[in-house]
Structure formats: C-alpha cells, structure tokens
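Q: Spelled out, the chains give:
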Amino acid sequence: MRVNEYDLWFADHAGEKIRRLLEEAGPEDLESLYDSKLTARWNRDLDHYRKCLERAEKKQMRIVRLTDPDYPANLKEIHDPPWVLFLRGALPDPGLRCCAIVGSRKATPYGLKMAFEFGKILGEHGVGVVSGMALGADARGHQGCLEGGGYTLAVLGSGADVCTPPSNRGLMEEILARGGGVISEQMPGNSGWPTNYPRRNRIISGISDGVIVVEADERSGTSITANMALEQGRDVYALPGNITSVMSRGTNRLIRDGAVPLISVESILEELDIETAREQEDKLPPLGKDEEIVYRTLKQTGMAAADELCALTGKTPGEVAGLLGVMEIKGLVLRSGGKIMIAK
Amino acid sequence: METMKGFVNMVSFIRSCTIVGVDTEIIRVECDLSRGMPLLNMVGLPDAAVRESRDRLRAAILNSGLNFPVNKRITINLSPAGTKKEGTHLDLPIALSLLAGAGEIGPEELEEYAVIGELSLDGRVEGVQQALPMCIGLKQKGVKKIILPKENLKNVSVVEDVDLYPVETLREAYRFIAGEETVIPVRGKRPATAFQSPDSEVDFSEVLGREEAKRAIEISVSGFHHLLFTGPPGCGKSMMAKRIPTVMPGMTYEEMLEVTKLYSLSGMEPEEGGLISRRPFRAPAGNVSAAAMVGGGAGVPKPGEITLAHLGTLFLDEMPEMRRDVLEALRQPLEDEKITISRSRSKITYPSKFMLVGARNPCPCGYLGDETHRCTCSMQQIRRYRERLSGPIMDRFDIFVDLSAIDYDSPEWAASMTAPCRSSADMRAKIEGARAIQEERYIKEEIRYNSQLQGRILKKYCRLEGAAKEVYDMGCRRLKVSLRGRDKLLKVARTIADLEGKEEIGAEHVAEALQYRRRDEEKDESQ
Chain A
0 MRVNEYDLWF ADHAGEKIRR LLEEAGPEDL ESLYDSKLTA RWNRDLDHYR KCLERAEKKQ
60 MRIVRLTDPD YPANLKEIHD PPWVLFLRGA LPDPGLRCCA IVGSRKATPY GLKMAFEFGK
120 ILGEHGVGVV SGMALGADAR GHQGCLEGGG YTLAVLGSGA DVCTPPSNRG LMEEILARGG
180 GVISEQMPGN SGWPTNYPRR NRIISGISDG VIVVEADERS GTSITANMAL EQGRDVYALP
240 GNITSVMSRG TNRLIRDGAV PLISVESILE ELDIETAREQ EDKLPPLGKD EEIVYRTLKQ
300 TGMAAADELC ALTGKTPGEV AGLLGVMEIK GLVLRSGGKI MIAK
Chain X
0 METMKGFVNM VSFIRSCTIV GVDTEIIRVE CDLSRGMPLL NMVGLPDAAV RESRDRLRAA
60 ILNSGLNFPV NKRITINLSP AGTKKEGTHL DLPIALSLLA GAGEIGPEEL EEYAVIGELS
120 LDGRVEGVQQ ALPMCIGLKQ KGVKKIILPK ENLKNVSVVE DVDLYPVETL REAYRFIAGE
180 ETVIPVRGKR PATAFQSPDS EVDFSEVLGR EEAKRAIEIS VSGFHHLLFT GPPGCGKSMM
240 AKRIPTVMPG MTYEEMLEVT KLYSLSGMEP EEGGLISRRP FRAPAGNVSA AAMVGGGAGV
300 PKPGEITLAH LGTLFLDEMP EMRRDVLEAL RQPLEDEKIT ISRSRSKITY PSKFMLVGAR
360 NPCPCGYLGD ETHRCTCSMQ QIRRYRERLS GPIMDRFDIF VDLSAIDYDS PEWAASMTAP
420 CRSSADMRAK IEGARAIQEE RYIKEEIRYN SQLQGRILKK YCRLEGAAKE VYDMGCRRLK
480 VSLRGRDKLL KVARTIADLE GKEEIGAEHV AEALQYRRRD EEKDESQ
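Those protein sequence lines, which keep their order, are chains A and X.
Start counting the first sequence at 0; every next residue gets the next number (numbering that gives the first Met the number 0).
Start counting the second sequence at 0; every next residue gets the next number (numbering that gives the first Met the number 0).
Everything labelled a hint here was simulated from the structure, so no lab data went into it.
Any given hint might turn out to be false.
[To be verified] Calculated Cβ distances over 10 Å to all of chain A for the following chain X residues:
#, residue
1, K188
2, A284
3, D316
4, D394
5, K459
6, E464
[As the list claims (entries may be wrong)] Coverage of chain X stretches by chain A, computed from C-beta distances (three or more under 8 Å per stretch; other residues unrestricted):
#, stretch
7, 357-368
8, 468-476
9, 483-491
[Claimed, not checked] Here are some chain X residues the structure puts well away from chain A; computed CB gaps all over 12 Å:
#, residue
10, K143
11, S345
12, E439
Cβ coordinates follow ideal geometry from the N, Cα and C atoms, glycine included.
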C-alpha cells in the first residue's frame, strides 16, 4: 500500500493516544480511523500533508513506513519508533551492524581526531556508522567512515531535504554519492526546531547496535543520546579523557556509570566481536634524533603548548617549530588552538 | 620710467608655503598698493584663519612702529590662486609683502627667502604649527633660506642643508629684509645621535614562557610580516604586542624626518623638539571610527592611526570586535602601503606602511578549546565571530600564532620559568642582522622587506633546492596549504633563513614557516 497523507498525519501526531488508536485499528485502516475516531480538537487539515507528499516525491525521497519490510529492524524495537521515515540514499542493509558515533559540536582536537579514527576503523571493517551530521564530532565520524570505505547514515533533526547545518552540505552530498543515507522523521522542508533534536537522537541510538560517545559535556545533547541508548538497551562506549578537560566530563561520568571505556581505537572491534584482520600496517615513518626527542616528550605530556616543549626539550622555539613542521607533514602530530598532540 | 612711477604700482612678492596633505606647496604672497578708497582685499582662496590675519596685520604693523600704508587700496593675492591656503603662518609673509610694497625693498632681494610666522597684535612673531613639515617641504622644493619664528627653530633645525633665520618680532624681520639689521642664520643639520636604543620601561625578558610567540614576533619584525595572534583572554597577547617597539630596529634620518613630519601634521610633534627616533607604535581603542583609523575629518582630512603608525607597528586588539567598516577600510592601505582619501574637490594621499599586529580570541567568550573553562558560545556565534575578519583582511597576515592559556600550576610552566628568557636586546640584535641582509639583497629592487616579495621576484629570491623543496612540496600537499598560503610560506621561510644568516632557504626553515601558516581554513573544512 502506498504511503498517503493519512500516514503523514499520524506520523506527525505521534502521541500516546494516537499510538493506542493505531494499535487497535491496525495500519491498513488509517483513513476510516481518521474519519471516525478523531474528534474535532485535532488539527485535521490534510492539505499540508498532501503538499509534503508532493515535496517528498519531487526531492526523490522514499518514505518508509513502520510496517514496511525494509524498515530498520533495530528501530522497530524501541519504545516509540517513528511511523514513517523520509529517506534519501539507502538504508543500511538488513544484516549490517551499525554503530553510532556521537560527540560535542565543540569537541577538542582530540575528540575530533578520535571520532574520525573510530569512523574509519568501523568503515574499514564493514560496520555502518550512524550519526547526526552536526558540526564537530558527528561530522568527523561520518568522514572517517567514508574514508574507511564504509556505509554511513545521517539522521537529521530537520527535513531530510534540508541540510542542517548548511555548512555540511558538501559532506551530505558525499554521503549520498558514496552509497550512504540521510533520513529524518520530520516532514520535508522542516528547518529543524531545537526540540526536534532530542527526539532525533532516539533514532540514532535506535538504529545502532552500539553508541560511541567521543566527547560530551555534562548535560549536553550527546549525554541525552547516551542515556537514550541505555534505555533502549544499546551498548554505550565512551572515550576516556583528561579529568581536567570540560569536554571529557560527560564521557568520564558515563564510564563511571557503566559505559565501556575505549582504551584504543582497535578496542571497539573487540567490543563488537570483529576479527582484527588488519595488522598495524603503517609503521611510524623513520624519525630523526631530534624529532624523536620531541615525539617522546609529547607522548609523556599528552598535550602540550610549543613553549612547554621548548622548556622540556631545551631547544629553541625556532628549532621546535621546525621539527613540528616536519612531524606535522608526516602526520605524527596535530596542532590546534595553540596545543600540540600526538596524532599517531 | 621715473615719470611713470606715479602710475605703475609697486607689486611685491614674498614666498611662503602651505600644506596640502603631506606635501608642501610654495605660494607667493603678492601685494599691490594702488590709489583709491582705503581698502584691504585678500584673494587666492584664503581660509578663515588666513582672512583673519587682515586684522592682526594692521595692529601688528602699527604697534611695531612701522608705517601702515594710508589711503591706499591694498590687494593681497596668494598665488597660485587655485590652491586653498590654510593656517596662521601666512601672517608674517603677508605683513612683509605689504611693507615691502609700501617701502623700498626690491623684489629681487626677497626671492631666495621663504617666510613663515604668525603675528600677535603687539608685533611679536609667534611660533606656528607644522613648521617642520613646511620646512622639509620647502627644502625639497629647493628653498635654501627660511625666515621663521624663533620659537620653531629648535624643532626645525634638524632639517639638513637649510639656513634658518629665526626672528622674534615683525620689526626685526622687516629690518632684516630691508638690509638694516642682520640675523645670524642657523644651519640645520641632522642630529648627532641618530638612534638611541629605546630606554623603554618594558622588555621582552619579562615575558616568561612565551618563547614561541617571541620567535614569531622576531620573524615578523625582521621581514615586516603582518602577524595575527589568536588566544584566550590573559594569554599575553597585548603584553607581547606592547613590547614590540623594544625590538624594532632603528630608523634612518630620512625615516625619522618622515615620521616626525607626519606627527607634526597631526599636531603631535614631540614637545621637547627634535626628531622622533623611535618607530611608532599605535594601539587604537576598539571603538575607533573609520575616519580616525585611516584619516579624515572635516576640511582637509587629517592623518589617521594607520598613517601615524607609518614605519612602525599598528596593534589592533580584539580585532573582530572592531567595526566592520573600520576593518574594511584597512584593505587599501594594507595592499598599497598608502591611503588615498578622496573628497569632492581634492584627493589626499598619506603614507601608511606599517606592520599590522592583530589579536583575537578563539571565540566571543574566549574559552573555546580551553581545558579548564567552559565555552559558553553557540556555534553560530563562533562562526560569526570568525567571519568578522573577512577573507581579504585575513589574506594580508603572513604569520598566524595560536596561543593557549597558561596553566600556572603545571610542571611544564614551572620548567619554562627556569628556561632562558630572551631579552629585547637579544632579539633586536638578530632582527637588525636580518634587516641588513634584506637591505643588501634588495638594493636593486623596489622592495625592502621579504614581506613585499611577490610574483617574479618572489621566485627569484625564494628558490628552494633539495630537501627544502621536498619539505615544501610535501607540506603543501599533505597539509592542504592554499595557493596564497604557499607564497606566504616562501616569504616567511626566506625571513627565517635571513634570521639564521643563511643564504639558501633550508628544509628546517620551510618546516618552521609551516608552523605559522593559517590553520582555521583547515578547521572549517573538517567541522
């Protein structure tokens, strides 16, 4: 049966009462249900939903209903699955395992780097990466997965045809071009209200088998996702961080509350029971003596400013800057906001 | 001819000058006395201050015990008549011209002098503003002898190869040109001590644990590269900027004259007289207007901060908080090293070659990326904050330095406290070495500093060989350096090599230059 405007109406009014009515009547009889059981106090204007249907068609979206066979199985199990999903691109194959990568939009260089690395290793090992395509950690997770050649799915809080944030348009197009998908439960054209996002997060965790939290402040959207995932019975993995870092407070707390700490990039594969076929391919490029001194110092301090490196290695700022330049080219160190850290 | 004297009027000329923008234009004060209704007319676009001199003139002449022509129709013309004349310094030349017209001084006797000075009612000659730029200009136009108020002598005596005749009263000046009295000229000469090391009360040795930023300043000053600091509040951005003058190399005599002239034009002459020997350091407040920044104002546009920073440093703290129009107004001077202010009837060009040092926070609240503080800004706010420094402005910076907050309790900080701390004198010595190398290298070119390299001469002087080329190619490719960024990379590497006294740019110089590249483009891409 084709999805019609009644489906959209019910999807958009997904409250407790409506759901009960739906369960009683069954999905095939929406039209009479709509006509008979709903009183005048509901907004019964169907024109809007007809327009939404047209728009979805124009934008070449598929609408997947809860009762459709390819509706993600994981998502069906959660407490309040969306009645319909608007889809661009492809849904994950039924057998594909998916893992969500979520994190702060203001993630530190460490968080961004790690989101990318986890995305990449999952992509390389055939695990789909689900995230919200937000700035910061989300986007890096998607990018990492694409880099690893995997399937990635973006769940938006706006209509699936509206790129939020607009600056990620390039990323969205790449996801679609590389066989990934973009889904949303919001009507096409919806520009994304802030209140949509907590509900959007239930889909991210709902579709996934596990959720990796790279960095989160306490009481952030990311923390909401993590709690949602726990309620839905998903595994939650958290990336440990410095206890002094604001951005690691949320993740460290999650670990205290029982989330699985990810102590290395490869550890996620163990957690998901995936054979680590891949040996560490890329050995470190050969380091000069001075580079090695700086590299080792960095390893000990974790993150350091250039001035601290000068002081600890006894080299001049010019020398340290030169060494860092070479090491940056080799991809060994990362630099952001005045801090330098080890990249690999 | 004798019989004609009754009909042909005596016309007398005195030379003086007026300031047009930064230039001095010689003007001729002509005076004609003819029979007719007693009347004094002044023509030739005098401004209010010049026109008022009519009233001073009569009183000053009479009170000096000289004769004011009676029953004469007096016409004073300021030639070239099309140029607007400003300022009270024309009092004395007008008075002398009038006296000469009435008396018996031949015009030829006045030809080699130029005269400036203001009159008071009792006939004394008062000092005038902007005497120095006028004298510099007069000298450039070939005038060798200048009659000027004694009060201005001290300021002006730094102008080389000019005979200065200081006068105190109108009577003295009149008797001098009439040949009745002698005034001993003072020959202007360049000051003996061309440059004293700045005895500033601040020094870079007080900046602890910021060696990287000090290095960046060293490079910037050496090659005159514009520099942008990004860092949270309290990380020492303005502290370091304030110390930049202490490492600035000395100025040549010509540079000192130019700077002093510009300050004099803005009424900011050094009170103690003499030349400004320290390179300017200007740090306009955040709420500065576009007119105050680039120059402007009613009437003849006055030089702005960028002109006052000429040959020195312009420090803009909290740059993104400045008004958009002010920042955009910086674009032309950053490109052309001068600013042209157009008015309906005139166009004035002021020089503005300065080293721009900008500072900004990483985000509006300042704590983005800080480990111990929570950043309270929304992503929107951060993006808007970053965008306030538009692309063309960001493109002008060659060196970008990100600073992180100092954690004063960390062991690393304790270690850097004990590390050797470079003083301003150390840094200046290196900088002067690098400057000397550039002066010599560019002797046949039109440029003087590495930051001015572009196009053909950039390729000529920044050739990379062997390992340096490898590092450059690989770095540009792997770190996704933009095309514009690549040119900057070369220029900065050239300066680093000069600082180290190396003829050829080495791999380590390129690698170091890479550390000062612009990074936020990359960040935008990834987020």
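Q: All hints, please: hold or fail.
A: Hint by hint, here is what the structure shows:
With a cut of 10 Å on Cβ distances, X/K188 stays outside the contact zone with chain A, its closest approach being about 42 Å. The beta carbon of X/A284 sits about 26 Å from the closest Cβ of chain A, which is more than 10 Å, so the claim that it is off the interface holds. Under the 10 Å C-beta cut-off, the non-interface status given to X/D316 relative to chain A holds; the minimum distance is some 18 Å. For X/D394, the requirement that its beta carbon stay farther than 10 Å from each beta carbon of chain A is met, with the minimum near 21 Å.
Every Cβ of chain A is farther than 10 Å from the Cβ of X/K459; the closest lies at roughly 24 Å, confirming the non-interface assignment. The non-interface label for X/E464 is consistent with chain A: the shortest C-beta to C-beta separation is roughly 17 Å, beyond 10 Å. Interface restraint, the stretch 357-368 of chain X with chain A: holds (3 residues with C-beta to C-beta distance below 8 Å; minimum three). Counting residues of the stretch 468-476 of chain X whose C-beta sits closer than 8 Å to any C-beta of chain A gives 3, which meets the bar of three, so the coverage hint holds.
Here's how the stretch 483-491 of chain X fares: 0 of its residues keep a CB closer than 8 Å to some CB of chain A, so the rule of at least three is not met and the hint is violated. The beta carbon of X/K143 is kept farther than 12 Å from every beta carbon of chain A, the shortest such distance being approximately 51 Å. The non-interface label for X/S345 is consistent with chain A: the shortest C-beta to C-beta separation is roughly 46 Å, beyond 12 Å. For X/E439, the shortest C-beta to C-beta distance to chain A comes to about 22 Å, beyond the 12 Å cut-off, and the non-interface label holds.
Consistency note: the structure conflicts with earlier hint 9 alone.
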